[in-house]
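Residue numbers (this note's numbering), protein chains in the order written: chain S, 1 to 270; chain V, 1 to 340.
Don't read these hints as lab results, they were simulated from the structure.
Where hints are given, some of them may not hold.
[Stated by the list, open to error] Ranges between beta-carbon positions, derived for each pair: (1) S:Ile259 x V:Ala38: 55 to 65 Å; (2) S:Leu39 x V:Gly31: 51 to 61 Å; (3) V:Asn146 x S:Pro191: 21 to 31 Å; (4) V:Val181 x S:Ala262: 54 to 64 Å; (5) S:Gln196 x V:Phe3: 21 to 31 Å; (6) S:Gln85 x V:Val181: 51 to 61 Å; (7) S:Leu43 x V:Gly31: 30 to 40 Å; (8) V:Asn146 x S:Gln92: 21 to 31 Å; (9) V:Gly31 x S:Gln85: 25 to 35 Å; (10) S:Gln92 x V:Ser51: 24 to 34 Å; (11) V:Ala186 x S:Ile102: 50 to 60 Å; (12) S:Val73 x V:Phe3: 32 to 42 Å; (13) S:Val73 x V:Gly31: 27 to 37 Å.
Beta carbons are placed, not taken as given, at the ideal position from N, Cα and C, and that holds for glycine.
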Amino acid sequence: MSTPGSAQPRPGFIERAGAAVTSRVAIVFYALGFFIEILIETLRYVRRRPAGSRVLAMQILFTGVEALAVTAVLALGLGAIIIVQGTSLLPQFGQQQLLYVILITVITRELGPILTALIVASRSGTAITTEIGNMVINHEIEAYIASGINPIAYLVVPRFLGVIISMVVLNLYFNIFGLLGSWLISQLLQPIEFFQYFHGLFSALSVIDVFSSLVKSVVFGAIVSAVSTFHGFRVERSSTEVPQTAIRSIGQVFILLIIANALITLVYYL
Amino acid sequence: MKFRIRFVNQVVGVFLIVALGFLLAILISIGSNQRWFARNYRYYTVLPSASGVSTGMAITFKGFQVGRVTDVRLTDDSEVHVHFFLQDTFIDRVWENSVIQRVTNPLGIGGGLVFHQGAEPSDPIEEESLIPSIHSPIGRDLVRRNLVRIPDQEDTISQIIEQLGPILANVEEVSESLVVVIEGIAATFDGSGEGPIQDLLNQTNRLLVEAESLIVNAALISDNVAAMTTEFRDPTGIVPRLIDPSGSIATFLDDEDALFLQVEAILLGLNQSIAEVQEFAEFINATSPQLMTILEEGREALGAGQDVMEGLRNNPLLRGGIPARREQPTTVRSFRDDGF
Chain S
1 MSTPGSAQPR
11 PGFIERAGAA
21 VTSRVAIVFY
31 ALGFFIEILI
41 ETLRYVRRRP
51 AGSRVLAMQI
61 LFTGVEALAV
71 TAVLALGLGA
81 IIIVQGTSLL
91 PQFGQQQLLY
101 VILITVITRE
111 LGPILTALIV
121 ASRSGTAITT
131 EIGNMVINHE
141 IEAYIASGIN
151 PIAYLVVPRF
161 LGVIISMVVL
171 NLYFNIFGLL
181 GSWLISQLLQ
191 PIEFFQYFHG
201 LFSALSVIDV
211 FSSLVKSVVF
221 GAIVSAVSTF
231 HGFRVERSST
241 EVPQTAIRSI
251 GQVFILLIIA
261 NALITLVYYL
Chain V
1 MKFRIRFVNQ
11 VVGVFLIVAL
21 GFLLAILISI
31 GSNQRWFARN
41 YRYYTVLPSA
51 SGVSTGMAIT
61 FKGFQVGRVT
71 DVRLTDDSEV
81 HVHFFLQDTF
91 IDRVWENSVI
101 QRVTNPLGIG
111 GGLVFHQGAE
121 PSDPIEEESL
131 IPSIHSPIGR
141 DLVRRNLVRI
151 PDQEDTISQI
161 IEQLGPILAN
171 VEEVSESLVV
181 VIEGIAATFD
191 GSGEGPIQDL
201 LNQTNRLLVE
211 AESLIVNAAL
221 ISDNVAAMTT
231 EFRDPTGIVP
241 RLIDPSGSIA
251 TFLDDEDALF
261 LQVEAILLGL
271 NQSIAEVQEF
281 AEFINATSPQ
291 LMTILEEGRE
301 ALGAGQDVME
311 GLRNNPLLRG
321 GIPARREQPT
331 TVRSFRDDGF
């Protein structure tokens with residue numbers, strides 16, 4: 001026991017490691033509880049026809065509509081590259097029909113959802129974290145609570161739903177531009193007959209592919225919005241914490257997106 | 001206020017409705033291309049193996065896809081049943097005696113199931129019935145009787161493989177023959193073989209052994225001839241002197257048997273000496289036991305003497321040996337001793 005006035009002894013390595021692990025586990029459980037709270041409030045939000053519908057619309061506007069241009073360009077470029085490369089390489093092996101399988105595998109099943117998620121995370125995830133972090137610093141969250149408004153219901157749920165809906169819709173647009181729009185670009189380089197292309201494409205595309213892609217979008221949207229809002233609320237008092245938290249948030253989002261993508265793909269092939 | 005912000009609901013609505021419209025269009029296109037609402041006629045075939053066959057594999061007819069594999073099962077009888085459907089647009093071509101062929105490609109691509117139409121038009125085969133495989137006895141019989149139309153292979157790789165098949169079979173036969181020949185040659189050289197070559201080799205071996213001994217003898221003869229030749233070359237050698245008309249041989253042969261008689265006398269003398277030596281040897285043999293006894297006794301006497309000498313040497317009275325004998329000078333002096 002230390003005497004009054006004497007310096008506290010520095011904790012040992014094991015003590016510090018135990019404290020770090022305990023802290024991490026506490027954060028994980030806190031995040032889990034935060035996510036469950038979001039899900040519960042989302043169900044209530046859908047049932048009571050909320051007053052925050054404009055927040056949801058604004059979120060879809062910022063996250064979905066404003067990201068459409070970037071998504072479209074990326075999808076067009078990717079689809080055109082696959083078509084051009086496929087039409088020049090695959091006939092050398094007599095496997096032209098594999099072009100459609102490659103297109104669907106790359107655009108619909110794998111790269112479409114993950115690239116869309118990365119775009120949304122980069123644009124909207126950081127924006128959400130920054131916005132909520134600034135609201136915490138400005139004591140707006142305390143004001144909501146003082147007014148009897150649940151900040152998760154009013155601030156998080158519209159963003160949660162808005163990002164998920166935007167992600168799903170953007171993924172659909174990514175597929176449309178990637179699979180259909182890229183055919184237009186390919187006409188400039190390697191013309192393919194219209195009916196031949198779409199017949200082959202829709203013969204190779206299955207509902208499972210579309211369903212898998214949409215499931216990925218929903219999961220990715222949930223990850224981006226939940227992690228971004230969670231880190232936004234972790235800002236405590238200083239405005240300098242906001243960019244640091246945003247960087248930490250986007251890093252975690254990327255890691256979780258890659259892990260989730262791998263897990264869903266594994267489930268798809270099981 | 002910006003247009004987007006003012007009409008946010010409309011913008012978002014259009015954004016969502018267009019996406020949903022595309023989703024519906026995609027699903028309808030998939031359904032129409034994949035014939036979700038069309039009737040499929042189900043059949044099955046029996047294959048020797050399921051390798052290269054998988055669910056979803058296309059069934060083609062003259063290069064067109066006319067159906068798809070729906071299930072591959074291993075029955076309790078260890079038969080591979082492949083269930084598939086054929087499209088309704090094609091059902092009018094599914095005549096009696098049609099067969100299914102499994103086409104494999106060693107590159108792992110381009111294989112699949114091919115439908116071959118029966119030769120004679122008929123009503124479609126009843127649904128859920130067997131369409132035999134071309135690999136089955138029924139299928140082979142149909143092909144042999146020309147009851148099924150088998151077009152030429154259009155796939156280049158298949159054509160090459162078809163041509164490679166007989167060539168590889170011939171190469172295999174030649175290889176097997178070569179193996180047999182090589183084994184026979186190895187056995188022949190090993191000595192464990194049979195046949196005329198082995199007999200010939202055995203005879204050759206025996207001849208070589210005989211020839212080797214002949215060569216040794218020939219070498220000896222050759223040495224003798226060489227020595228004789230050397231003697232011939234020497235004018236003072238023994239051979240010219242022997243064969244000289246006035247040489248020893250001529251003299252020996254022309255001395256009225258004097259030399260012969262001397263030689264005979266010498267030989268008789270030698271004979272007599274040998275007889276005496278023989279008698280002496282017999283005497284020695286007869287007396288050898290006595291000699292042995294004497295030698296044995298002598299040896300024992302020497303041993304006893306050795307013991308005595310050892311005892312004497314160990315006698316404490318005599319230890320130190322026999323002292324040197326001191327000469328006692330005589331007291332009688334001669335006259336010559338004093339300064340003579």
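query = CB of Val73 (chain S) to CB of Phe3 (chain V), is that within 32 to 42 Å?
reply = 22 Å, violated
Verdict for Ile259 (chain S), Ala38 (chain V) (Cβ pair) under range 55 to 65 Å = The hint (55 to 65 Å, Cβ to Cβ) is violated, given that Ile259 (chain S) and Ala38 (chain V) are roughly 41 Å apart.
ask   = Does the hinted range 24 to 34 Å hold for Gln92 (chain S) and Ser51 (chain V) at CB?
value = With Cβ atoms ~27 Å apart, the hint holds.
query = Does the Cβ-Cβ separation between Ala186 (chain V) and Ile102 (chain S) fall within 50 to 60 Å?
reply = 56 Å, holds
Distance restraint evaluation - Gly31 (chain V), Gln85 (chain S), Cβ atoms, bounds 25 to 35 Å = 30 Å, holds
Asn146 (chain V) paired with Pro191 (chain S), Cβ distance criterion 21 to 31 Å = 45 Å, violated
query = Within 21 to 31 Å or not, the Cβ separation of Gln196 (chain S) and Phe3 (chain V)?
reply = 41 Å, violated
request  = Just tell me: holds or violated, for the beta carbon distance of Leu39 (chain S) and Gly31 (chain V) against 51 to 61 Å?
outcome  = 33 Å, violated
request  = With 27 to 37 Å as the target window, see if Val73 (chain S) and Gly31 (chain V) comply at their CB atoms.
outcome  = 30 Å Cβ-Cβ, so the 27 to 37 Å window holds.
query = For the pair Val181 (chain V) and Ala262 (chain S), does the Cβ-Cβ distance stay inside 54 to 64 Å?
reply = Roughly 60 Å apart at Cβ, these two residues keep to the hinted range, so it holds.
ask   = So does Asn146 (chain V) sit 21 to 31 Å from Gln92 (chain S), Cβ to Cβ?
value = The hinted range 21 to 31 Å is violated for Asn146 (chain V) and Gln92 (chain S), with Cβ atoms some 38 Å apart.
request  = Go ahead and decide if the range 51 to 61 Å is satisfied by the Cβ distance of Gln85 (chain S) to Val181 (chain V).
outcome  = This hint holds: roughly 54 Å between Cβ atoms.
Checked against the numbered hints above, the structure breaks hints 1, 2, 3, 5, 8, 12 and satisfies the rest.
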